[in-house]
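2 protein chains.
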Amino acid sequence: MDLQKIKSPTDIQSMTVGELSVLCDDLRSALLERLSIRGGHIGPNLGMVEATVALHYVFDSPADKIVFDVSHQCYVHKMLTGRMQAFTNPDEYGTVSGFTSPAESPHDLFTIGHTSTAASLASGLAKARDIRGERYNVIAVVGDGSLSGGEAFEGLDYGATLGSNFIVVINDNDMSIAPNHGGIYDNLRLLRQTDGQAECNLFKAMGYKYLYVAYGNDVRSLVDAFLSVKDSDSPVVVHICTQKGKGYAPAEAHKESFHFGAPFDLRTGEPLHISEQQNYATIFRDHMLDAMERNPEVAVITAGTPGVLGFGPAERAQAGQRFIDVGIAEQDAVAMAAGMAKGGMRPVFGVVSSFLQRSYDQLSQDVSINGMPVVLNIFHGSVFAMNDVTHLGWFDTALVSNIPGWVCLAPTCKQEYLAMLDWAMGQKKHPVAIKLPGGAVVESRRSFPTDYSELNRSEVTRHGSKVAIIGAGTFFRTAEEAADILADSGANATVINPRFLSGLDIALLDELKANHVLTVTVEDGVLSGGFGEKVAAYYGRSAMRVACYGLPKEFRDRFNASELVKECRMTAGQIASDILGMLGAHS
Amino acid sequence: MDLQKIKSPTDIQSMTVGELSVLCDDLRSALLERLSIRGGHIGPNLGMVEATVALHYVFDSPADKIVFDVSHQCYVHKMLTGRMQAFTNPDEYGTVSGFTSPAESPHDLFTIGHTSTAASLASGLAKARDIRGERYNVIAVVGDGSLSGGEAFEGLDYGATLGSNFIVVINDNDMSIAPNHGGIYDNLRLLRQTDGQAECNLFKAMGYKYLYVAYGNDVRSLVDAFLSVKDSDSPVVVHICTQKGKGYAPAEAHKESFHFGAPFDLRTGEPLHISEQQNYATIFRDHMLDAMERNPEVAVITAGTPGVLGFGPAERAQAGQRFIDVGIAEQDAVAMAAGMAKGGMRPVFGVVSSFLQRSYDQLSQDVSINGMPVVLNIFHGSVFAMNDVTHLGWFDTALVSNIPGWVCLAPTCKQEYLAMLDWAMGQKKHPVAIKLPGGAVVESRRSFPTDYSELNRSEVTRHGSKVAIIGAGTFFRTAEEAADILADSGANATVINPRFLSGLDIALLDELKANHVLTVTVEDGVLSGGFGEKVAAYYGRSAMRVACYGLPKEFRDRFNASELVKECRMTAGQIASDILGMLGAHS
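Line order of the protein sequences matches chains A and B. For the first sequence, my numbering assigns the number 587 to the last residue and increments by one with no breaks. For the second sequence, my numbering assigns the number 587 to the last residue and increments by one with no breaks.
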């Protein structure tokens, strides 16, 4: 079939169901080719080929509104809605994002990248439609893995009361990113085992009509099911059973490792490039396995992303009941950690910076107000981490460090990180958030204290005068390099590793006043609400000048990190040059 | 019965069940007396008398761990656990808080004030117990109203997988603060109608064993039920049906108005004091009813607190389908608002400052990244609002204003508020958060612009020199008063209403440099991550001195607002005096 002829969903709506099957095969082949070359969300997209084709065959997008949860399974949707070239022409692979994006197409309703949002967003569309007296179908497509998130439940719960057209397609592949965790998954299993006939039915209990599709990779079954709910005048769940990784043996066999992957050999499924570099996932994992060995109170928590923490099936088995995956449920992960700490354990929640946002209230209420010594290990909290607009790692400091009680630490290298992690696990006084540095793992021969209980005490690594550069976390090395450059110009800068992002070393800041006129801060996070502003505010009443470097309060999508750093004048050379300018102006 | 003899739960454990009934009557009478004099959470506590007695009769607190969700229903628990005097002796009424508090008693496991947290916290205790090989019962007591919150669902979902003792008491009084909203409430109704026998059962679908207690205000039924699940070796839900306001006719008849109330006449149920003062709830309500009349696209959303927005049953009926109560589900409220905006509506979410915290991720991802013009109307975001540690109104600015895209407005009076609200509803470019001022409603005869689309443009209300005072929201009047005091000392201060908290009026700040040496900021929020720090950072590279006034990054409980304001040196007199000191030091 000539895929290039498909410019919009109308181009498939005149096909026979038999032709749709051929189309699915051809789409899957093209998809696999692209995935093997470029990587991406492999399993989710292979599993959704037939369902996506059937949705666009039955419904009339964009008049009908299809909202994909997480939207990492939207590749075939993009292929069918005017973006085929981005999947068939290697030169154009980079022209689309990995998620739905209204900037690309009117068929994409929202920019989505976090899980569990589709039911709420779609129920808002349905509510607006009803109030305005319009008529169209609203369809939320939600994976079983996303169901464990509280927002999904809230959205489904309210959506059930709409009393009008609201179609929820539950794409059940019996997997989250990793295996599912949660009581509801037993019910999904029961429904699969009874061909959807079991009386005890989560979706019916939430108020939905219910339709079961056993063969969610059979396009005919799907078309029939979607036709039967099209224009439904009440909320209905269509529970379709699909196979994650469908049609590609390695992905079918290794669902977890093929959830998201880098380029691979299409013949064998083996990754094309194996990195020999250290990374913080394995460093964390190895260290925590040791820590659990030494201390029976230590436990590790993940909210559905064990791979981010370096824990594969073998390490999870090794850790046993002390490796806890609550499913995609960050609120529960944080609150449960508070409960575990109260019960005498030392829980360490490993979490992606961008997903930590989902637990602000729990960080504040359940943990901090209760003084629970929960440890957060924040991955990907850096300009050098993920660059999708929905997964930016710049906002964690402004989020956590302004909540009373939290001790936020920014290690500058592997050795300091592990020292801080050990201290955090060893004390019971504070909740502690450790923000991993970004970029390649940095090793250091400096020696690091084992005790950080004297809060907010910074480390002066170089004593100079006139200008002090405070380089936090990732950007400590930048501060050192800027000082090196300044030294070449005869300026002797003080260099400081602040260690703490949640408070200031007042004694040191006061001391600097004696023989410094300028303090520069550099941090791996948004300036607004960040660390530098606190330094500036502290010095506000004094004669000290302060220049803050950090990231802008903006959402950027698929940016080049090095270029963004330059744009923010955060390279060592730029900072050194700015400092010389400022010292000159003030001298 | 002599209630004073009850010093701990052991004092009731030797009673007969008949004696427990008498005890319940006496506890309820004492409780009513106190509630009528002091106010508080009336309905929830009256409904939970028997269940609380039965819990402490059957279980052995604090060895067994009882976690009350929201914990506003904990009054009888406090009476039975060594704090009887605080409920029987008017002189000691003030000695306990309205929520569980570990500082008061080892029977109180956590400081809790937000809903939907108990299942997660309790499952953490249970998990810690299992890992440590300990043996005790863990009981989460969760009201039906709290079930709509995503954190409750996440906690129940994971808790079901514990495979060990985990007892969830669902206190079903068929009410949230106001009537419940959500599909699950049809299932609860079905269970009540079938005496718990319906096969389609939300809790069984989540993996729980299930026990139904039809008469949740009958202490014998409760004792039998709790005895049957005590030491259970698997997760179980005990669904008890109670009557909100039980035993007090006005509270039984008017469940919503008696959820929480001020002192009332015990004989009639009428409030003792009727305030004639204006308040922002009725101002908002009246304005929105008008706005809905004028504009068919406008809709109002609440997450279970219609009373906070001034909307009683009559006004809800008047607004019809455009007043939307999603239940206690702030994540859904925000994400659904994004969906409604996409669908062509102008949704205004009215929310308590402290509860807004529960939707950070939705504010960022669903709303701002998608550029949806959702309007937030933030109530109780002030040092002069609620003073329970779990309900502080100081953190909203640091939360919302550091998220890209949000326009945060701080009106200084009623007239400016309504102008800003109208502008926010009339434009489609930005998500807008309006933080209501605290304290008594301030009227102003100044005229206010109708258009705020030129972002971050401040208002200079008094032109002076040397010192500029930027007074945001509630504290604009303080800035004016400080300027008045300074005028008496011959200093002529510039006074600025910043209007916007999410960005700076750079042109104005630059202009001030010409003839000002000091800029003072005063805001109704935490300094850390707040507005003042942004001003300080902007001026950091210049000679301008900056002094920021605001609230500390601390959790305070039941403080006196005026004293806290003094402690922060935020009175007009203190600020004026500080300014004179600073001007003197620098002159």
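Quick caveat, the hints were computed from the structure, so don't treat them as lab data. All figures in this text were calculated on a predicted structure; none of them were measured in a lab. Worth double-checking, as some hints may not be accurate.
No copy is singled out in the list; a pair is fine if it fits within one copy or between any two copies.
Straight-line alpha carbon distances no greater than 20 Å define the calculated EDC-like cross-link-like pairs of lysine to aspartate or glutamate that follow [what the hints assert, rightly or not]:
#, residue 1, residue 2
1, Lys429, Glu554
2, Lys5, Glu270
3, Lys230, Asp510
4, Lys7, Asp25
5, Lys209, Glu199
6, Lys428, Glu554
7, Lys414, Asp186
8, Lys513, Asp451
9, Lys466, Asp130
10, Lys428, Asp25
11, Lys246, Glu104
12, Lys7, Asp64
Results of checking the hints against the structure:
| no. | hint | in the structure |
| --- | --- | --- |
| 1 | Lys429 to Glu554 | between (35 Å within a copy, 16 Å between copies) |
| 2 | Lys5 to Glu270 | neither (33 Å within a copy, 74 Å between copies) |
| 3 | Lys230 to Asp510 | neither (69 Å within a copy, 60 Å between copies) |
| 4 | Lys7 to Asp25 | within (18 Å within a copy, 74 Å between copies) |
| 5 | Lys209 to Glu199 | both (12 Å within a copy, 16 Å between copies) |
| 6 | Lys428 to Glu554 | between (37 Å within a copy, 19 Å between copies) |
| 7 | Lys414 to Asp186 | neither (41 Å within a copy, 54 Å between copies) |
| 8 | Lys513 to Asp451 | neither (27 Å within a copy, 45 Å between copies) |
| 9 | Lys466 to Asp130 | neither (65 Å within a copy, 58 Å between copies) |
| 10 | Lys428 to Asp25 | neither (57 Å within a copy, 43 Å between copies) |
| 11 | Lys246 to Glu104 | neither (27 Å within a copy, 57 Å between copies) |
| 12 | Lys7 to Asp64 | within (18 Å within a copy, 64 Å between copies) |
Violated hints, listed in ascending order, are 2, 3, 7, 8, 9, 10 and 11; each of the other numbered hints is respected by the structure.
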